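There are 6 protein chains.
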Amino acid sequence: MFYHRKELFRPVKVGSPDARFGQFLLEQFGGATGELKAALQYWVQSFHVTDPGIRDMLQDIAIEEFNHLEMVGELIKLHTSKIDQTDVFAAPMFAMKGIGPHLVNSAGECWTAAYVDEGGNVVRDLRANIGAEAGARQTYEALIKCTDDPGTIETLTHLLTREVTHTNMFMKALDGLGKLDDPFFGTVEPDASVEITFNLSQGGDFRGPWNSGSLKYDADPQPKGGMPVPTINSDDEKGTVAGEKKVKESA
Amino acid sequence: MFYHRKELFRPVKVGSPDARFGQFLLEQFGGATGELKAALQYWVQSFHVTDPGIRDMLQDIAIEEFNHLEMVGELIKLHTSKIDQTDVFAAPMFAMKGIGPHLVNSAGECWTAAYVDEGGNVVRDLRANIGAEAGARQTYEALIKCTDDPGTIETLTHLLTREVTHTNMFMKALDGLGKLDDPFFGTVEPDASVEITFNLSQGGDFRGPWNSGSLKYDADPQPKGGMPVPTINSDDEKGTVAGEKKVKESA
Amino acid sequence: MFYHRKELFRPVKVGSPDARFGQFLLEQFGGATGELKAALQYWVQSFHVTDPGIRDMLQDIAIEEFNHLEMVGELIKLHTSKIDQTDVFAAPMFAMKGIGPHLVNSAGECWTAAYVDEGGNVVRDLRANIGAEAGARQTYEALIKCTDDPGTIETLTHLLTREVTHTNMFMKALDGLGKLDDPFFGTVEPDASVEITFNLSQGGDFRGPWNSGSLKYDADPQPKGGMPVPTINSDDEKGTVAGEKKVKESA
Amino acid sequence: MFYHRKELFRPVKVGSPDARFGQFLLEQFGGATGELKAALQYWVQSFHVTDPGIRDMLQDIAIEEFNHLEMVGELIKLHTSKIDQTDVFAAPMFAMKGIGPHLVNSAGECWTAAYVDEGGNVVRDLRANIGAEAGARQTYEALIKCTDDPGTIETLTHLLTREVTHTNMFMKALDGLGKLDDPFFGTVEPDASVEITFNLSQGGDFRGPWNSGSLKYDADPQPKGGMPVPTINSDDEKGTVAGEKKVKESA
Amino acid sequence: MFYHRKELFRPVKVGSPDARFGQFLLEQFGGATGELKAALQYWVQSFHVTDPGIRDMLQDIAIEEFNHLEMVGELIKLHTSKIDQTDVFAAPMFAMKGIGPHLVNSAGECWTAAYVDEGGNVVRDLRANIGAEAGARQTYEALIKCTDDPGTIETLTHLLTREVTHTNMFMKALDGLGKLDDPFFGTVEPDASVEITFNLSQGGDFRGPWNSGSLKYDADPQPKGGMPVPTINSDDEKGTVAGEKKVKESA
Amino acid sequence: MFYHRKELFRPVKVGSPDARFGQFLLEQFGGATGELKAALQYWVQSFHVTDPGIRDMLQDIAIEEFNHLEMVGELIKLHTSKIDQTDVFAAPMFAMKGIGPHLVNSAGECWTAAYVDEGGNVVRDLRANIGAEAGARQTYEALIKCTDDPGTIETLTHLLTREVTHTNMFMKALDGLGKLDDPFFGTVEPDASVEITFNLSQGGDFRGPWNSGSLKYDADPQPKGGMPVPTINSDDEKGTVAGEKKVKESA
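Protein chains in written order, with my numbering: chain B, 10 to 260; chain V, 10 to 260; chain Y, 10 to 260; chain G, 10 to 260; chain D, 10 to 260; chain U, 10 to 260.
Treat the hints with care, since some could be wrong.
Remember, identical chains collapse to one label, so a pair may be satisfied in a single copy or spanning two.
The calculated lysine-lysine pairs, modelled on DSS-like cross-linking and capped at a C-alpha distance of 30 Å, are [unchecked claim]:
| # | residue 1 | residue 2 |
| --- | --- | --- |
| 1 | K91 | K225 |
| 2 | K233 | K154 |
| 3 | K233 | K188 |
| 4 | K225 | K255 |
| 5 | K188 | K22 |
| 6 | K255 | K154 |
| 7 | K254 | K154 |
| 8 | K91 | K154 |
| 9 | K188 | K254 |
| 10 | K188 | K225 |
| 11 | K233 | K91 |
| 12 | K233 | K255 |
| 13 | K22 | K255 |
| 14 | K255 | K91 |
| 15 | K22 | K154 |
| 16 | K22 | K225 |
Quick caveat, the hints were computed from the structure, so don't treat them as lab data.
No experiment lies behind these values; they were computed from the predicted model shown.
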């Protein structure tokens, strides 16, 4: 069960409102790396995760992300509440949709659940979450570089900090499952190709821990699957009608 | 520069074509966890990653994913090339769009770049990739559970295996950067809240490595942000017109 | 600030799990008329609405919708937790994505903020909300018709009931603003055409309160805008090159 | 059956072309509150509405909205036909796509039928339509504030006026069904909770017509649904593996 | 200016309603190759096309497509108006959304203007239209193969026929511009590579009119662009930190 | 099987980086007419096309389009690698997402497979491809008009040139099938209406090759389908309740 109190989770202050920057902030309200994505991803995961401890952690963090979403929304409200301050052509999103946050990213694209990565297995979920936090952190750093308002920077730095904390929590939970540095999980056994790496992009090649040591290196991979079976397509035109002729097989 | 040879990377065989299962396979052709997403995500990352070794690795794996996409497409072709085999209502995607693969998921939703997670920093990219591989592996396991055709299972097991290998490669690259088990990256220093965890979903609470040890536990978090600033909205109706009265503050 | 407790807002019971029906239920979890849309629409509105009473009401209802979302998610979890109960081809969403709710509608399309209707003015918002509640109620009725599990019906009936209550609340708030039955709001004065109705779809015509009384009826509207200005398009081919000739003007 | 005449429904004049403003106008051509959405929403409704009078009204208004769409398209054409007038970076939509209207909103997002709200019941449809007209009116007011071209303002004021008229028509039709101020419709009887309102967002609470009078007020709602049933997920890792321990129940 | 008459453009009759087939028909109402796409594509083109004859043709055909859209909608209405006829699980779209047409494709995905191909140049538009008609024809053939109701087949055959007619019209208009068989149009002169074809997919090679005659054939293309410039990315981690070493250049 | 070499297919040089222009270039990387759409469209077609010659051609061109995608990506990288060069508000896409290409169009909308046009029949595919090439060429011309950097213009002119070449190849293949100027293809015979054209948009009428000669011209089309069957909708309110009365039939 959800509750709400009107007070904000943490302080949100803006010294110099800037509607253009408010439009950038939408990236963390209704964008791919934003707080709504994080909140919903973790919370939806909590329905299918069987481990009650991890389920509790997912819900704790999900609710915190809802609180962050509220803080980002408040930031956007404060940056846009005097929309006349600036040329309407400089912050078109708010000229068209009105002040305050909207569920779009900084380019005006609607939030979509295609951003959400979850399902079926707790290891998969936790790895998706570490990825999600990395994206969120990256966007907060990008935003901090685009403003010099001290209040805004303080709030954004707090939000960035919490992504680091959540990453830490997800890493520790994954490590508790033994899956922080073990690539395998699930019930299907890999086949013998699991130790091979392929040099499929040739020229300027490098060797590193990812294609050496226990991992074998195929420097010049060749096709082993043979020619594909000819297509049978009853909807297509019959036969070979375009008059082409086969050239001598080049390989 | 891209090249192509007609032969397949690895063998693809289908004993008993099943157009309904072919529709499921679309999940890994044009779906959120599919090969197109992986191929494009890694390849797009390679443009902004400065480390030439990791760049090479990203391109090697991206090209392998294109080869896997081709193998999944071939599987779908083989499962659907005798579409008359089955009631058109059982595999509507192919009845409407024709045989072979299409750029949609198993529910018919068009592939979207909203699935792709990349940008700005190599650590962010590598974490996103470990997440992506976990999702791909999960879907392959789901698919394997839905068929009993030996040829199909063999191909899908190979593809699942390679996701494990790629996870291994990304983990080793991330570990080389010291970021496999370090939650922090980037240039913005976290604030003092980085060590706190919040018990925001109460009841049925658990403690584990993610909210104990070096991580402090706030068992009953309270709002510290105060009431939000009243909204100023010149487009809205003026004043308080709906005749409500404030109740005694309940907290 | 958001809080959460593990207990559900209201009871959720399922007697006979049916994964096919679980797929239908996604319509109210991640669909156009579902609880997520309602929760986010009302909550986002609360940022730009200046009237503190209506703002409080919007937040009260938004939080209730989050609780309903949780109940629908729990229903879906219960209907799908024994996925082996049924042919995988009958409930493909869960065969592919795993058990429990996902942020898609019953056809598998990702939730999109394009469903959300809000912005700029409290009257607009409240009218959008009455529309949203009508859609939600309609889908709950459709769902109730598709199941005969008593526990499921009881929960769905409760959720349908609350949409009626919310409609009542929005109507009363709108009536408090004098805008429940007054078509006009905002600051731009309508022009003289405001009393005219046009019979633009002719044949089988009807008169009713919507095109009689104070509303004038133009039975056979004619164009009053003249011919459009010729297009100037420097990117287009020059001149009239396709050899056509003008026919005698037919009107 | 649809017909068309080349003459415009009503005059469209532009004194000072401004491609930047032309981009804003796309909001009412291919945007969420625009004329295409209105036209298609009402027209699609007309297929399932059984009342022949309301069906006639829906088609009359739908056709008028197509005429408005044509007028908005003409406005955009006139504002963009001299695209060289302005820096290409100021109106990127037309620099990329060419002059004239396109089926995108002012941020360049493609029109989607996710904007359309209809189905199953005439009361639901009419309420959706009153909501749609409110959104359209709001955007026209926003546009009028962003230009000072007299011809453009005159056309936009006419289009805004007609949204008021349509609202009036939909209100009268809904009132004829007795559903303008009656929250209930359909065939499923609400349960006993229909008279309760919940104070779920606490602090800064208000009472108004929406949570007083016949509507009871639950000032401090508590969960009545009990703890959710433990999740059973055969795809998830087995058991409780992360080493967490349950804390003393906090409530 | 648009007009409408209640009578249908051409007869629509259904002998044996089949809601499952009604769901397939959505492909031509709200799908990628459907009548809405065609109607809107041609009509939007008419705003920027300067040739008044071709503009007239585009509008004539666009209006016919609106009439076809109405006929397809009527077909869907007739196939679904007795929804109780069939198991709700067999036609979930109508169980959830109600009877009659909706603006989605046969898989339930919302119509999107991303289907529409237009802009900037009449030759581009006409070529896009010939492509659009080919897709529409193909889907009508697919639909005809999925039903044996004589009335439905007759209507669908008429609609297919008209796509052939429109193709003929677009071909004749394009031929009038001299661009039916001339690959070039526009104002930018091609460079010297215009006569070369590249054998980039090797093995199973063929020669035909598309890579012989006046077109030169490069049987084994080599990269001529050199190595890409090293990426400079201030957001990325500094230096080469992952410990990899360069391998001897393999080419 | 796909291979890759690090060297670029053709040279890519930028003299004066301009991040604003880099944002425009996204139109051909992740936009509707861009290289990704072309590459994937042709390659996906190759799975269902039975003619081995045309299949080979489709794959040859698809791979070339992947190479062009790489070149466009390199152009974007070069235009954005010194992002500090310019006001962050002038190139918001890269300020938010980091330097280099992303899978979005110039307005920031995610690439979607809804852009892709393919399926079921080789004639349909080839016509779709001629349309696709026309769109790509048009956008390259638009881009060339927006820059004066010689290196950029040279690369874009090459890419435009290749679209002309591909158009030529598709035209020759289609001509080999006898379908470049024959509107008909497939297995369903058109009905007798195939020779009629309808003057449905009246006023300012023209005659040309598209509605004369062998094509008959119906100057004033009338409805021949009769009134639609009354809707039966059990979910709707019963009877005619809104009190309207029928007017004397106006036609």
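Inset, instruction - Could you work out which earlier hints the structure fails to respect and list their numbers in ascending sequence? - result: Violated hints (numbers, rising): 1, 3, 5, 6 and 7; every other hint is consistent with the structure.
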